[in-house]
Amino acid sequence: QPNAEVLHWWTSGGEAKAAAALKADFEANGGKWNDMAVAGGGGDAAMTVLRSRVLAGDPPAAAQIKGPNIQDWAKQGALGSLDKVAAAENWDKVLPPQISSIMKFNGKYVAVPVNVHRIDWFWANPQVLAKVGATEAPKTWDEFNALADKLKAAGITPLAHGGQPWQDATIFETVVMGLNGAAFFKKAFVDLDDATLRSDGMVKVFDQMRKIRGYVDKDFPGREWNAATQMVMNGTAAMQLMGDWAKGEFLAAGKVPGKDFLCAPAPTQNGYLMNVDSFAMFNVKGDDKQAGQMLLAKLIVGEKFQETFNTYKGSIPARLGVPKDKFDACALKSMDDLNATIASGTLMPSMAHEMATSGAVRGAVLDVVTQHFNSSMTSADAAKKLADAVKLAK
Amino acid sequence: MLPLGVMVSTSLKSAAELRSGSLISLPRELSFDAWAFAWNKANVGVNATGLAPYFWNSVVMVVPSVLISTFMGALNGYALTKWKFPGANLLFGLILFGSFIPFQLVLLPMSMTLGVLGLAGTTAGLVLVHVVYGLAFTTLFFRNYYTSIPDDLVKAATIDGAGFFQIFFKIMLPISTPIMVVSIIWQFTQIWNDFLFGASFSSGASAPVTVALNNLVNTTTGVKQYNVDMAAAIIAALPTLVVYVLAGKYFVRGLTAGSVKG
Amino acid sequence: MQSSLRSSLSRIVVAPTFALVLVFVYGFILWTAYVSFTGSRMLPSYEWVGIDAYVRLWQFERWHVAITNLFVFGALFITICLALGCLLAVLLDQKIRIEGTLRTIYLYPMALSFIVTGTAWKWLLNPGTGLQAFVRDLGFPDFVFDWLVNEQFAVYTLVIAAVWQSSGFVMALFLAALRGVDQEIIKAAYLDGASLPRIYWGIIIPSIRPVFLSAIVILAHLAVKSFDLVVALTGGGPGFASDLPANFMYEMAFRRNQINIGAASAVMMLCTVMAIIVPYLYSELRGAKRG
Amino acid sequence: MATLTIKNVQKRYGNVSVLKGIDLELTDGEFLVLLGPSGCGKSTLLNMIAGLDTITDGSIQIDGRIINDVHPKDRDIAMVFQSYALYPNMNVARNIAFGLEMRGVDKPGREVAVKKVAALLQMEHLLDRKPAQLSGGQRQRVAMGRALVRDPKVFLFDEPLSNLDAKLRVDMRTEIKKLHQRLGTTIVYVTHDQIEAMTLATRIAIMKEGVVQQFAPPQEVYEQPANMYVAGFIGSPAMNFIPAQVVSEADRVGVRITGAQGSSVLPLPAPSAAVLNKVGQEVILGVRPETIARYQHGTNLPPNFARFSAQVSVTEPTGADTLTYLALGGRDAIARVPPKEAPTAGEVAEFTVDMARACLFDPKTEQRVG
Amino acid sequence: MATLTIKNVQKRYGNVSVLKGIDLELTDGEFLVLLGPSGCGKSTLLNMIAGLDTITDGSIQIDGRIINDVHPKDRDIAMVFQSYALYPNMNVARNIAFGLEMRGVDKPGREVAVKKVAALLQMEHLLDRKPAQLSGGQRQRVAMGRALVRDPKVFLFDEPLSNLDAKLRVDMRTEIKKLHQRLGTTIVYVTHDQIEAMTLATRIAIMKEGVVQQFAPPQEVYEQPANMYVAGFIGSPAMNFIPAQVVSEADRVGVRITGAQGSSVLPLPAPSAAVLNKVGQEVILGVRPETIARYQHGTNLPPNFARFSAQVSVTEPTGADTLTYLALGGRDAIARVPPKEAPTAGEVAEFTVDMARACLFDPKTEQRVG
Ligand SMILES: Nc1ncnc2c1ncn2[C@@H]1O[C@H](COP(=O)(O)OP(=O)(O)OP(=O)(O)O)[C@@H](O)[C@H]1O
Ligand SMILES: Nc1ncnc2c1ncn2[C@@H]1O[C@H](COP(=O)(O)OP(=O)(O)OP(=O)(O)O)[C@@H](O)[C@H]1O
Ligand SMILES: [Mg+2]
Ligand SMILES: [Mg+2]
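Residue numbers (our numbering), protein chains in the order written: chain A, 32 to 425; chain B, 3 to 264; chain C, 91 to 381; chain D, 1142 to 1511; chain E, 1142 to 1511.
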């Protein structure tokens, strides 16, 4: 009997329901699912556990790993190849190349994508916007600034924000895209080009960050993202910049998209910041386990799972050709933009969510961003520090 | 008291009230749904089992760990104070310093060691880990308690023909209850509440309750149910509270009264 | 007592502990020290690269912040906990009827994992939702309590929460020791004209001195290892103003795949602890040899 | 300096009644010695005077003021504990000085006082030691020093010299006596040493099972014990008790004792009315060992001396005297005779007894007659 | 039953030398009493015999076997601790039975033994109490019971009766003596009570500052003390020491003492050669208080009695005797006289002294002469 131990951090709420769907599917196909859930710190705890399991010589069959980490694990020789399934299922066709390249090591599939989260979303409360006469979310950062000033004057917190490094970084990378475009973003955070990191463009980004700092209320440090979402919901703040998972919070509160809340892409010069969850398959011994891995991989990329899972989770499918009728307006918009940016080459991996760079560099960037945001550091200093930190972490 | 109050009151609110009201106000109407939900319905990973099964995992792991480490600590404390050998203090210092090792540091080498021992992912392995890192503390507690017990007692028992272990069991242990309580409270709390080791060295269904609790409470991109979180947390903490209440009774006075004059 | 058989039995009894400690503490420390001199990143590797990791470590501003915080946090936390724990124990020692209840109340914070109390604390300390808002609602609009979100003071909120959690246990520790003190001695002190506070201060507390060793070691250990607390309460923030070395180390070793730097920071941490604790232990243990 | 009045004081532990109504009244500057068998409640009584134990019933007054509810530290009492109760964390000097420190005496003042007391107790060389490094007797001296260094209203001593050697004990006894004479402090003193009791006390209270048997000056207790218990308790070796009958022969009244050697009548000089009332009845004759002497042939006996002969069973030399066990009135009696007069075991010898110092007791009530 | 040999045993704590080379040899069934001032090392010596303390130097043998490294529990020794060291968690019965339990005696056997010992110690009613609920004397009896219940090779008693009243103490003393006679166990016994020492010991060892001063049977220690220290230590009140000069007058040898009343010569009956050697030199005359008596006018003095007159400063009645302080040879001397012979304070009275029982000491070495 194919069996698989699956390490993941989808432990509660919609995520857990989504994961349960996969399990149900897996078991319907004769597999035995051995759940190994470790939540915490956006997967940090799970990664820690994964490391000890690998060192103990007892890795799980599949583990939720994403971005460059897949390459790192593969380099250690810890991952097994999925090429057989990939060929049978024609993955090269159904997966966008920007995504499939992340899943491959030396041209071989070692991991499978589950979903695509869009990071650069504005979530807004239309009633609040209406108070200052706005009807939709701003399209450029200048517009944003103008709107925010108006809101502020009206005594409304323009931006709901949680002061955690990853949230700071989410805003930061969105601003980078918005002010400097995808090419700059790629040079800075994928290629880690020192000159770009030090450039005036980066200084401008920090200037904008300083402005944004003025648009958040002063109790923001340490706040969870969903507490910030609440602020938008009950009207104490106008907008929030957050990934598409924020939608779940609105829906859970019975809010209706379009009426009670708006979703709009943040100003990113028609870019798209993505966060792709994926499962990597580890080298395991035993036919049953290997069979389990293959089955799991096949199911994950399968249309059915991609559809159910992503409706639960609020994200969009990572593969193409999934029927769209079950998805809501926000998700549909996201899908369209995804396709558009794939074509235009402005689809970018999220830096804040560790899709663009290794953990070390990401951490270094976060350090600087969050330090700048929480202090009175000048933008020039920040850019210089950023470049230095990245160099140190490389 | 305040944080507990907040937790209890939150756990008794309904989800709707939570979203609307202030976080630290009292609930308008009591609802125990969250408790029941946390106990056996909530999603912990992909399975909607609630905390219940993990609860027992924890019990199975905690009880032997606490007993073994307390017992060994008492024995060490006794040996290090009443049967001093050259270097006993140095040895104690070495054991003691071990308590400062950061657990994060331990993680990787420990995984390798457990892998070598074949204990990876077993409850026995977890017990071993907890015993090892509890010993410094239990030894510390007992050693410092035993230094204040008159040596004459041990001498008298020796003359009476009691051996090393007989003195320990018949004389020393019966007069150590307060410190035993302290040691048990400490070890129980530490082990019951441990997350890092529990997550790293257990596998899937044998995970302790803290891992489950963490899974239930911690969500990155999911919706928060604070009432359930709080209820779950309180449930997870109940055994510890029970231990406090039960063990606390043994904080008695005058255990050595009347034994010697001086 | 001299008998060779006896003291060897004593040694045998301690031996398992010693062996465990040797392997699982000192062995691991050596391993870590070695790893800190390698280029390990995601998984430990064993090629030697020298002190590179240390050089990098000290270039991290965050590390400097963490170390400074450790001293501030540790000193405050240990002092306050000792004082408070001691005080509570002395109060509880006065044969009061509701002792059992109070003891449990003082102890309970220890029972709750910070995974969750952290949330409650956050609400309480957050100016927007917690105490500040509450007191302002009561009619003191100028009340300010915003340490949690204040870069300068965030580390003190850690102290508050940590004291809240640990002082109960310190109390239990002291209480156990107080219960061992001979009542006759207290009687003698009464007759010497000492007031109750003087008796505690002058006689009882000095005579339970070994407990201070226990308490200080426990507290120092908690201070050095405070990790959950930071994660739950401030997440190291605002920025990384309230970071502690344990968090730094975890961050490096497990989030940023720089195990060598993590190991180096662990080694530095141990050295710091050693520099403070070893002289203390030395004086305590040497002094305790007689009487 | 204070008067101390103890009125109907009782103490029960659970349902064990330890003190059953103690009444004692000490005038200013008195030196009361409590005597009594182990466990009769002496320490308990001291504890209650000091305020260290609750009083089940009754009242204690110092200087006329009821102090039942006064806190020990406000009673101005110094005490030597039977179990010493030294402060283990302090060295000898601080143990002694602590009471002064608490009373706000400054450092030089304390040092002078400690030096003086240490000299008195012959322990100057021990001032830096911790109690754990002292011998039993040295600990006891520290306990003593802790009390002596102060100048309280009342001193309470609970067997303060029991672990000291004879020589030191004599020295200390003298010092305590001097102290008492100099300061006139009221003292309550528990001891098992009769010499201590006799030489120190202004009055002795003899207790038995929580009841005071006699409360009187030492000589009175010794010579006119209230009952057989007191008579037997005081004096070592104890008073000999011999069953006898009061007889009236011619104009003389005497007691007849009957033993293996036949019966003989010992005359009673100056019998009291109470004794005369007993004529013909059984009594117990009490004779102290030192009132029995070897009869020196040819000596003229004063009228109050009676002569008898008895068989000696055992002799026990103790250095100064030889204890001689002899059969008297069917009982084993002990005589304390100088070694040179000592008979040998088995010998039948002639003895004299000083009847002026003999006592008569009622065999039923055990109270002294007359 | 065992022989006990202590050879050059030394003990140091750090650089404090507590025992400075003790040599004692006990034959089978001996009863050794250790006497000495507080802190002289008696308890330390017992601890070392029991194996509870390390021996810095020297060796201890039981039955000829060196036991320095034998574990205490294998030495088959029972001990009464000066500090009692009762097990606080056990009641009296278990405290007493514990040694038997450890030696594998079954329950009924233990119960019988405990009952017997409890009866002996008069504490049957206390068997269920914990040590904390006992009086000082009762605790001491439990400590005693714990030793007596066993049947070891050697008994070690560290002041086992110091907290008991005189009566109980006499009883216990007798019981210990009987026990010794019945079992013949070798016993080492520490006491401060001279009567105990004199009546119990087969030999006494007098210690001072970690050195044995004299090791001899009791009468010898009392009558022929090895030096002034021993002479002064044994006997209560202590021996009187009077500076004197050995003189030879006509055919008689005597000592001249000089005091306020002028000088007088006291004859020495049967002087030894050593004494004769001292003629003309200074010596110290040692006279025990009980050898001084009031001179009875008209009595014929035996030749070994010397007569002198002296002024009485203080008298102290102790019941059986009256201590009389008189000026003798410029010193205060004490005489122990029967109360009826007692002079009054201030009176100049005539006394006799039994010179056959007097001792002479060298004033330099303090050793006895002859
Ligand atoms: N731990 C120690 N360190 C230093 N000196 C000590 C220690 N223990 C005992 N002594 C000293 O050793 C000496 C002998 O002590 P020991 O208890 O044998 O006396 P002792 O003869 O039994 O006296 P006592 O009659 O008072 O009981 C004492 O002077 C004591 O102060
Ligand atoms: N906590 C207690 N519970 C029950 N009985 C007790 C308690 N404490 C003391 N006693 C009893 O009270 C009685 C009196 O004790 P106390 O200590 O006053 O005797 P004591 O006269 O001082 O005797 P000793 O001369 O032996 O010291 C004893 O019989 C003792 O057993
Ligand atoms: Mg007493
Ligand atoms: Mg002693």
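Check before you lean on any hint, since a few could be wrong.
Said to hold, decoys possible - Derived DEER-like restraints, expressed as beta-carbon distance ranges:
| no. | chain 1 | residue 1 | chain 2 | residue 2 | range |
| --- | --- | --- | --- | --- | --- |
| 1 | C | GLY190 | A | LYS316 | 51 to 57 Å |
| 2 | B | PRO88 | E | GLN1508 | 41 to 47 Å |
| 3 | B | LEU243 | A | LYS316 | 40 to 46 Å |
| 4 | E | TYR1154 | D | GLY1162 | 38 to 44 Å |
| 5 | C | HIS154 | D | ASP1215 | 55 to 61 Å |
| 6 | D | ALA1468 | E | TYR1154 | 34 to 40 Å |
| 7 | A | ASN137 | C | ILE141 | 50 to 56 Å |
| 8 | C | LEU181 | B | PHE73 | 27 to 33 Å |
What the hints assert, rightly or not - Residues on chain A that point at chain B, a partial pick, calculated with CB under 8 Å:
| no. | residue |
| --- | --- |
| 9 | VAL69 |
| 10 | ALA70 |
| 11 | LEU86 |
| 12 | ALA185 |
| 13 | ALA411 |
What the hints assert, rightly or not - Restricting the straight-line Cα-Cα distance to at most 27 Å, the calculated cross-link-like pairs of lysine-lysine (DSSO-like) are:
| no. | chain 1 | residue 1 | chain 2 | residue 2 |
| --- | --- | --- | --- | --- |
| 14 | A | LYS162 | A | LYS63 |
| 15 | C | LYS277 | D | LYS1419 |
| 16 | C | LYS277 | D | LYS1308 |
| 17 | B | LYS251 | C | LYS277 |
These aren't lab readings, by the way, just hints derived from the structure by calculation.
Backbone N, C-alpha and C define an ideal beta-carbon position, used for all residues, glycine too.
Status of the hints after comparison with the structure:
Between C/GLY190 and A/LYS316 the beta carbons are some 55 Å apart, a value that agrees with the proposed interval 51 to 57 Å. Evaluation of the 41 to 47 Å hint for B/PRO88 and E/GLN1508 yields a pass: the beta carbon distance comes to about 44 Å. Between B/LEU243 and A/LYS316 the CB atoms are about 44 Å apart, so this pair conforms to the stated range of 40 to 46 Å. The supplied range of 38 to 44 Å is broken by E/TYR1154 and D/GLY1162, whose beta-carbon atoms lie about 50 Å from each other.
For C/HIS154 paired with D/ASP1215, a C-beta distance near 57 Å keeps the hint of 55 to 61 Å intact. Between D/ALA1468 and E/TYR1154 the C-beta distance comes to about 54 Å, which lies outside the given range of 34 to 40 Å. A hinted range of 50 to 56 Å for the beta carbons of A/ASN137 and C/ILE141 is inconsistent with their spacing of about 34 Å. In this structure the hint that C/LEU181 and B/PHE73 lie 27 to 33 Å apart at CB holds, the actual value being about 32 Å.
Given hint, A/VAL69 at the interface with chain B, holds; its Cβ is 5 Å from that chain's nearest Cβ, closer than 8 Å. Restraint check, A/ALA70 versus chain B: the minimum CB separation of about 4 Å is within 8 Å; hint holds. Restraint check, A/LEU86 versus chain B: the minimum CB separation of about 4 Å is within 8 Å; hint holds. The beta carbon of A/ALA185 comes no nearer than 23 Å to any beta carbon in chain B, farther than 8 Å, and the hint placing it at the interface is violated.
Annotation: A/ALA411 was flagged as interfacial toward chain B, and the flag is violated, the nearest CB pair being 34 Å apart, outside 8 Å. At roughly 55 Å between alpha-carbon atoms, A/LYS162 and A/LYS63 are farther apart than 27 Å, so this suggested pair is violated. A threshold of 27 Å between alpha carbons decides the hint, and for C/LYS277 with D/LYS1419 the separation of about 53 Å lies outside it, so the pair is violated. Note on C/LYS277 and D/LYS1308: the hinted pairing is violated, with a Cα-Cα distance of about 31 Å set against a maximum of 27 Å.
A threshold of 27 Å between alpha carbons decides the hint, and for B/LYS251 with C/LYS277 the separation of about 25 Å falls inside it, so the pair holds.
In terms of the numbered hints stated before, the structure departs from hints 4, 6, 7, 12, 13, 14, 15, 16, listed from lowest to highest.
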